[in-house]
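J.: Heads up: the sequence lines are chains A and B, in that order.
If you read the first sequence in the working numbering, its first letter stands for residue 1, the second for the next number, and so on.
If you read the second sequence in the working numbering, its first letter stands for residue 1, the second for the next number, and so on.
No lab work stands behind these hints, which were simulated from the structure alone.
Glycine included, every Cβ here is placed at the ideal spot set by N, Cα and C.
Treat the hints with care, since some could be wrong.
Said to hold, decoys possible - Take a look, some chain B residues computed to stay more than 12 Å from chain A by CB distance:
| id | residue |
| --- | --- |
| 1 | Met-405 |
| 2 | Leu-547 |
| 3 | Arg-572 |
| 4 | Arg-957 |
What the hints assert, rightly or not - Partner residues are not named here, just some residues of chain A that face chain B (Cβ under 10 Å, in silico):
| id | residue |
| --- | --- |
| 5 | Gly-47 |
| 6 | Glu-59 |
| 7 | Ala-60 |
| 8 | Thr-95 |
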Amino acid sequence: MDLLKALAIGAMFGVGVFQMLRRNVIRSTIGLIIISNAVNLFLLATGAYQGVAAAYVNEAGQRSDALPQALVLTAIVISMAGFSLVLALLYMLSTRYHTSDSDEIAELKN
Amino acid sequence: MLLILPLLLTLVGAALAALYGHPSLNRRLTITQAAWLLAVLPLAAFVFFLSRLPAIADGGALVFTVDWMPSLGMGASLYLDNLSALFLLLVSGIGTIVVIYTGYYFKGDNSAWRFLAYLLLFMAMMLGVLLAGDVITLFVFWEGTSLTSFLLIAYKYKDEAARRGAFKSLFITGGGGIALLAGLLFVGSVAGGTDYVTILRSGDLLRASPLYSVMLGLIAFGAFTKSAQAPAHIWLPDAMSAPTPASAYLHSATMVKAGVYLLARLNPALGLTETWFWLLTGFGLVTMLTGAYLGLKQHDLKALLAYSTVSQLGVLVMLIGNDTSAAFKALVISVVAHALYKSALFLTVGIVDHEAGTRDLRRLGGLRRAMPWTCRVAMVAALSMAGLPPMFGFLAKETLLAAVMHPTISPAGIALLAAATVLAGALILAQAGTLIWDTFFGRPRDPHVHAHEAPRWMIAMPAIPALLSLAFGLLPEPEGMAVFFANAAAAAYGDKVKVSLALWAGITPPLILSIVAVSLGLALWASRGRVRALQQRLPESISFNALHTAALGLLDRGAYLATRTQAGQLRRYLAAMLVSVTALMLLFGRVPLPTTVPPFTLDELSILRIFTLVLATAAAALSIFLRRDFNAILALGASGLSVAVIMVLEPAPDVALVQVVVDILSVVILVLALSALPRAQRRRAWELTFLQSRWGLIRDGLIAVAAGAAITILTLVALTSRPRPSIVTPFYEANAKTLTGAADIVGAIVVDFRGFDTLIEIAVFGLAGIGVYTLLRYATRREWRISESASQRMGQGRISEGRISESASQRMGEPRHSPFARSLIRHSPHEYGLGDESHDRSIMGIGGTQASPFVRALARVLLPVTLILAAVQMMYGHDQAGDGFTAGVIISLAIAFWYVVFGYEETRRQLPWLRPFSLVGAGLLLVIADAVISAAVKGAFFAHLDYGKMLGLSLPRGFGLTTSFIFEVAICLTVLGGASMVLAALGHPQDVQVER
């Protein structure tokens, strides 16, 4: 099970990387979100315990580690903020240069 | 405690000088009057130090400490003993003189308040260096002197030489400062404390440390650059482009002595070793000779004085290196003697420059008649510089010669040191003679130079130190002063030093050497024409300026190479970063690979887990292969939702909830942004997704696989090493209910235990929203302006600037538009092939589509529902899943729906409370108010308070009007504000209005 989970997270990260390396800036944005999803899952995996119950005081049994959860919760919101900023930049670039091709934009710069 | 007083006084002086820069004061008061008034402050500091002398007359020290980081043994402390008092008296005393002199030097130029302010600021920094009681405080002020010195040298910033000189001095002394900091930190860490008391006690520990040579080298480097030791002396002559008062003060009497002071201060801790002796004596000796030799060559009076200062600094460092009681006796006398005569000479040279208009020896001469008093003052000071009796300088030279002949030095050493000292003394004497004779005597060389005597008080200023050098020499055995000097020398030496200030000590070897030096010097002076001509002809074999230039050139070259590697393609950078991080991790990360594959049991839960994992991965992978961007975004959304399910199974319900709403919102924002792009561009975008060489695709694929493999290994390690010991989580689990009243531990961490993080986080979120808004809003507007002004130039119409700020919809209706503006209009109505340009825009949603009545009714119903949902989330989030983030995002989703259905204008009209900026502001203010109130009541930021209980309100069960609840509301407001800004900006970039 752990192996499968690790493989899935790794695969998602790889997919994200591949998407980020596309010339189409919209795909790059998609890649960014996939990467941040994978990273959030990875962060959850860094918890000290494998829980069977949610991290509530009144739950019985081994509770899952609350600390990485709080971090990930923050990370999700922050990454959305960051992602909207990235998107705004990409949008600006693509309306200014009338293209969504990052290579073409780079050429225009020079 | 009182020790900080002089520091404050001079800082107040700097502030007052800056205040004098205000036009209303500047008009009423001349600079001379202002300088006289300001001089009261350094004078007060001088008097203060004098008044402290009895308290330390027994050789003790006054210490004042403020604890700063007690766990690291760091505090800010002040320290006054005889050694620092000696320097402090010089700094404040000469400072007073220089401030008054400045008033005359800049007479008629009231804008020189800036100079006065810098000067007093520098003085404060210098007092700080000398008063510091620990090496950290010392370093802070040390850097302060470098910076203020930069300001003073570059005072005439329109002059290129001044800028270059200022940069050079900052470059060299700043570089030295970095080394010094490192060295001082080593010392502090070995000694176990950064204060002088500890360090001076740990001499044996420091000398025995294996790091000794490292720290000595670093500190010596810092001190040498500051005190202009060869080869770092090159900055000092260039610093002479500063106005003369600054040169007199900083570059002869005070700042350059800082390095000497530091070495003397640390001598008891670091000295008494072979390394110390050779390092300091060697550099001091070379510097002494270099300065003396080069000084004789100069035509510029200030340069001549600068090089003789370099020479004198070499003498001082050499004396510290000698490390005998005689040497430290000579050190304190030399420091005082040099400060007195050199400041007097600089100030008189300033007068000559001021009144004759030049300080070039080739143009001066015969000024004695025009400037009789200046000439007399200069002669007295020059006699002291030449080391002739009955001046104090003579005593300095005698004690110096006695020190270099100290019996503890080997005979060969004595021969070398004595010969070098005699030679340097002769050269300096020749320079003093040249300075006086070629300026004031002989024939005028240039008929165009007309000089006249300076104001009485301007001459009085250099006269004071000049006369003091005479008075100190003539006083018959001044007992009090001798004891003071002896104590100062003892503080540097670390043991008793006997000082006698009698000029006549009988016929001794030093006196004989002195006579040799004087005769040689007179001979050099008499034949100075030939000597100087010879010097000019000799090539400058080693110029360290070339080294400096080469170092800077190398830096430039490096910067050029570094920029060459920047291709400007983000994808390349990304690939390079990913590959190197992956390689570093796999090769050097020493990640312990799990040796056993964990057991695998197939139960219901794991089937569900496997299903969601596969779903998340497959959906993500699908987003690669889907041709249309829109479909790829949907696949992304599916993947994100599957991730949320994985989180539920973790089990981490709070995170999963946020993941769900954020995923939906992200998809909505992406779709909005996508639909704002022109259709043709979107089509081209699909085509170029895979438009790449086969090799490029394979390369990217390999990078992705490598990165994925690295993450897999990391995750596997994290997962298989469970359970791990944890300290933090059990604490949170045990205290969540008792301290915060929340059953939901995650919620308790977010809004309570780590509330400060969350405060910053929502601030970031709000700022990101404002950032997006500003970017798109103003960028779009700029495009408008550019295109409109372009059309204006083409004479197609006259559109005034004022009309551009009119509402966007009005502009949309105008027939004259640039291609860009047209593209903005055109793409929206045709977006979905629907809509008509003649439609009333205000009732249209995104893409100009008029939504069906059913959808519009749905939107109207949805908003109140989400508001209730959000309220429930916030009220009960502390015991169950859900929190302010979720609440805010849920409302944002409803708002997004409204934007899509009704369009921007209509939404704004119907929801007047939706003011994103105010929401962000209100949210942040609410958190801060909340935290401040609980800080006031409970004494801790974000401490838990139950207002419901305090006010005796009867609230529904499970809901408490607490600090946490208010925090949740604030989070919700900020997130809503930020998210709606993003939605508005991305969805309707051309419509968005600046909120009023």
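J.: Taking the hints in turn, state whether each one holds.
T.: Right, here's what the structure says about each hint:
Consistency note on B:Met-405: stated as away from chain A, and its beta-carbon is indeed over 12 Å from all of that chain's, at 70 Å minimum. Every CB of chain A lies more than 12 Å from the CB of B:Leu-547, the least distance being 37 Å, so the non-interface label holds. With 12 Å as the threshold on Cβ separation, the claim that B:Arg-572 sits away from chain A is violated: the shortest Cβ distance comes to roughly 9 Å. The claim that B:Arg-957 is not at the interface with chain A holds, since no C-beta of that chain comes within 12 Å of its own (minimum 15 Å).
Annotation: A:Gly-47 was flagged as interfacial toward chain B, and the flag holds, the nearest CB pair being 8 Å apart, inside 10 Å. The beta carbon of A:Glu-59 is positioned within 10 Å of a beta carbon in chain B (closest approach about 9 Å), and the interface hint is therefore held. Proximity of A:Ala-60 to chain B is violated relative to the hint, the smallest CB-CB distance being about 13 Å (cut-off 10 Å). Against a cut-off of 10 Å between C-beta atoms, the interface hint on A:Thr-95 holds, since the closest Cβ of chain B lies about 7 Å away.
Hints 3, 7, counting from the list given before, are not met by this structure.
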